[in-house]
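Number of protein chains: 6
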Amino acid sequence: MTVTRRVTFSAGHRLHNPKFDEQKNREIFGACANASGHGHNYRLEVQVTGPVNAETGMVVNLKEIKQIIEEEVISKVDHKNLNTDVDFMRNVIPTTENLAVKIFEILDSRIGKGLLSRVVLWESENNRAEVCR
Amino acid sequence: MTVTRRVTFSAGHRLHNPKFDEQKNREIFGACANASGHGHNYRLEVQVTGPVNAETGMVVNLKEIKQIIEEEVISKVDHKNLNTDVDFMRNVIPTTENLAVKIFEILDSRIGKGLLSRVVLWESENNRAEVCR
Amino acid sequence: MTVTRRVTFSAGHRLHNPKFDEQKNREIFGACANASGHGHNYRLEVQVTGPVNAETGMVVNLKEIKQIIEEEVISKVDHKNLNTDVDFMRNVIPTTENLAVKIFEILDSRIGKGLLSRVVLWESENNRAEVCR
Amino acid sequence: MTVTRRVTFSAGHRLHNPKFDEQKNREIFGACANASGHGHNYRLEVQVTGPVNAETGMVVNLKEIKQIIEEEVISKVDHKNLNTDVDFMRNVIPTTENLAVKIFEILDSRIGKGLLSRVVLWESENNRAEVCR
Amino acid sequence: MTVTRRVTFSAGHRLHNPKFDEQKNREIFGACANASGHGHNYRLEVQVTGPVNAETGMVVNLKEIKQIIEEEVISKVDHKNLNTDVDFMRNVIPTTENLAVKIFEILDSRIGKGLLSRVVLWESENNRAEVCR
Amino acid sequence: MTVTRRVTFSAGHRLHNPKFDEQKNREIFGACANASGHGHNYRLEVQVTGPVNAETGMVVNLKEIKQIIEEEVISKVDHKNLNTDVDFMRNVIPTTENLAVKIFEILDSRIGKGLLSRVVLWESENNRAEVCR
Numbered sequence: 001m002t003v004t005r006r007v008t009f010s011a012g013h014r015l016h017n018p019k020f021d022e023q024k025n026r027e028i029f030g031a032c033a034n035a036s037g038h039g040h041n042y043r044l045e046v047q048v049t050g051p052v053n054a055e056t057g058m059v060v061n062l063k064e065i066k067q068i069i070e071e072e073v074i075s076k077v078d079h080k081n082l083n084t085d086v087d088f089m090r091n092v093i094p095t096t097e098n099l100a101v102k103i104f105e106i107l108d109s110r111i112g113k114g115l116l117s118r119v120v121l122w123e124s125e126n127n128r129a130e131v132c133r
Numbered sequence: 001m002t003v004t005r006r007v008t009f010s011a012g013h014r015l016h017n018p019k020f021d022e023q024k025n026r027e028i029f030g031a032c033a034n035a036s037g038h039g040h041n042y043r044l045e046v047q048v049t050g051p052v053n054a055e056t057g058m059v060v061n062l063k064e065i066k067q068i069i070e071e072e073v074i075s076k077v078d079h080k081n082l083n084t085d086v087d088f089m090r091n092v093i094p095t096t097e098n099l100a101v102k103i104f105e106i107l108d109s110r111i112g113k114g115l116l117s118r119v120v121l122w123e124s125e126n127n128r129a130e131v132c133r
Numbered sequence: 001m002t003v004t005r006r007v008t009f010s011a012g013h014r015l016h017n018p019k020f021d022e023q024k025n026r027e028i029f030g031a032c033a034n035a036s037g038h039g040h041n042y043r044l045e046v047q048v049t050g051p052v053n054a055e056t057g058m059v060v061n062l063k064e065i066k067q068i069i070e071e072e073v074i075s076k077v078d079h080k081n082l083n084t085d086v087d088f089m090r091n092v093i094p095t096t097e098n099l100a101v102k103i104f105e106i107l108d109s110r111i112g113k114g115l116l117s118r119v120v121l122w123e124s125e126n127n128r129a130e131v132c133r
Numbered sequence: 001m002t003v004t005r006r007v008t009f010s011a012g013h014r015l016h017n018p019k020f021d022e023q024k025n026r027e028i029f030g031a032c033a034n035a036s037g038h039g040h041n042y043r044l045e046v047q048v049t050g051p052v053n054a055e056t057g058m059v060v061n062l063k064e065i066k067q068i069i070e071e072e073v074i075s076k077v078d079h080k081n082l083n084t085d086v087d088f089m090r091n092v093i094p095t096t097e098n099l100a101v102k103i104f105e106i107l108d109s110r111i112g113k114g115l116l117s118r119v120v121l122w123e124s125e126n127n128r129a130e131v132c133r
Numbered sequence: 001m002t003v004t005r006r007v008t009f010s011a012g013h014r015l016h017n018p019k020f021d022e023q024k025n026r027e028i029f030g031a032c033a034n035a036s037g038h039g040h041n042y043r044l045e046v047q048v049t050g051p052v053n054a055e056t057g058m059v060v061n062l063k064e065i066k067q068i069i070e071e072e073v074i075s076k077v078d079h080k081n082l083n084t085d086v087d088f089m090r091n092v093i094p095t096t097e098n099l100a101v102k103i104f105e106i107l108d109s110r111i112g113k114g115l116l117s118r119v120v121l122w123e124s125e126n127n128r129a130e131v132c133r
Numbered sequence: 001m002t003v004t005r006r007v008t009f010s011a012g013h014r015l016h017n018p019k020f021d022e023q024k025n026r027e028i029f030g031a032c033a034n035a036s037g038h039g040h041n042y043r044l045e046v047q048v049t050g051p052v053n054a055e056t057g058m059v060v061n062l063k064e065i066k067q068i069i070e071e072e073v074i075s076k077v078d079h080k081n082l083n084t085d086v087d088f089m090r091n092v093i094p095t096t097e098n099l100a101v102k103i104f105e106i107l108d109s110r111i112g113k114g115l116l117s118r119v120v121l122w123e124s125e126n127n128r129a130e131v132c133r
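Chains as they are written, first to last, in this note's numbering: chain H, 1 to 133; chain F, 1 to 133; chain G, 1 to 133; chain D, 1 to 133; chain X, 1 to 133; chain R, 1 to 133.
Looking at chain H on its own, in the form it has when it is part of the complex:
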């Protein structure tokens, strides 16, 4: 049994690898390499997998998952710049893939017990990245 909580946040970013010169950055990241950055409304789905507790009829209390997501992710990335404002993204190129990996690691260590099964992160209605255990 898997339960999923969806949340949204808005953040700015710029895709750029300091090891590459301007032309290579442009080649790889296209308009995402623009120097002054841009941003997205991200949609995040957090999935938890386990047996249903017979007394509560729940795998896990989604209110607690919502609270953990709020504390560990939303409060740190919402209305922030992913290149400069977010501790856990320091020295990481803020692609959807890398952001999804970091969110998985953070939530996994906080939720514990191997319950976290998947994180799906939409950058737009057309692009998304997902990490699973």
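No incorrect hints appear here.
Where chains are identical, the list cannot tell them apart; a pair therefore holds if satisfied intra-copy or between any two copies.
Here are the simulated PhoX-like pairs of lysine-lysine, each with C-alpha atoms no more than 25 Å apart in a straight line: (1) K63 x K24; (2) K24 x K66; (3) K76 x K66; (4) K63 x K113; (5) K113 x K66; (6) K102 x K76; (7) K102 x K19; (8) K24 x K76; (9) K76 x K113; (10) K63 x K19.
Since the hints were derived computationally from the structure, they do not count as laboratory data.
Since the structure of chain H is already known, use the hints to place chains F, G, D, X and R on it.
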């Protein structure tokens, strides 16, 4: 190959375990424990997995799946109260998880041949539960 | 210039006019007349119309509108039963139309200055009601 | 008869009025005032109103409208920072309202004949601004 | 007070004016002029405007509107070819605009009393046409 | 790590097996067997699975995947008739299942390295088919 049919229904419910006192029910289920109940527009996805029949180009005729979902699920839960009106939910706390499990069991025994691979049930655009074989 | 804030809530209801007998209620309200009720995820859009303030670039601060909607509507209807739990719906048949009218009146008197221009209320993805000034 | 074309773009921005001190900016714009900015996936709807041409069955060729939106708006704002990269937003606080007004003016002068009837601009699935003639 | 009913249907069409030569058809209608046709999932919204009936709490019974839409529109266009199979589209170029106008006329004469206020017809998530009284 | 690209296209089709007589075609395919065809707005999701490249922060450049989908799929099916206009669908009943299988095969041979992990194809908001490795 997996094919999926999506349907929607509206139902009322209240989350409440008679073994718990009022305070514990409130603690666990929050506003979902309100005595007079509330409700949701549920979205249900039913997935069937198997080989494609060469003559029809289909795994299974989705019209038949639609008909089975209508008879076994929609006619029993749509515009009903899950705590009081639905036979297969008697003595079950009507969480999204429990409702998804029951729907999986009912559809699986009716569709047969192990074709049913997954049931996904949205309680809102932010919360969902899924059961897979 | 019109700005719109969208929110969602979940509530239970039953459509039933005590002046009608059972048969007439069933005729008019169909499955919505079921005695133990059902419910919906409602989507509410609140529109405010006025000139843009040159200093803020806003018609009105949507954070304030959000706060007003939270206090005056969401806190009173979310996870509640519209027939029994909501003061402003006493003795009103809880159709989408009537609920939209009441929400318009409440928000209009609280927001003031004739700024509220429209309230749109979805009962499902297929049905909605709207009231405008 | 009104026809509508929907497009999307992603941009960064920061809400900040240089006439206000830091505290007042924070008070009015909240997290949107964060110094390093954030961003959104914007959704833009452009409406054109007029009679249907009997020979084409169209009010206006939406391919041409799409082309105009691409040239005049998308190429200038997509993957850009609205505070620093966009000529028509110089010295304008990049609220959804102000951006919608500017887009209306630009498209109106390019489409001509008073055909443009409305511009609707979503900053997120919960907030939008619209300008009509 | 305005109430809206949303329905969907799927149909095939080809945009082509027999008065134009092949090149002009291609110029105006682009890929929509392809000889063997293509198709869409259409979304139709039907709006009815009037006072709320005090006894029912409704402007009009949406079940009746749904029934009328089913009989007058869906049964005639769903899974049909708009160029060849639909009586009310004979000798009409099946643009979204023309189809919306015809649907408005048909529903208006059937619903009567000037209650129908607007028909909105989506050809895709990016394009739509609307007719209002 | 899995990344997904979503695209849409519109196409016409008719479900019909020449080996079956008219009655059997009607029995199996229902209204989809109508002789002059109909059509849909399809939504296609293409998933690629692999490790994240440390230098780019990407599994694969989605711009390249988008380009491949455009060349191999969209340019061949968009605004076309699946029964008559599409080489890779010759002698194939154009069900969602068969179209998804063909798209998987084409993209898999072009993307290479076993990176393509899944193709999901929606025929409408209620029906979809998916193929995975």
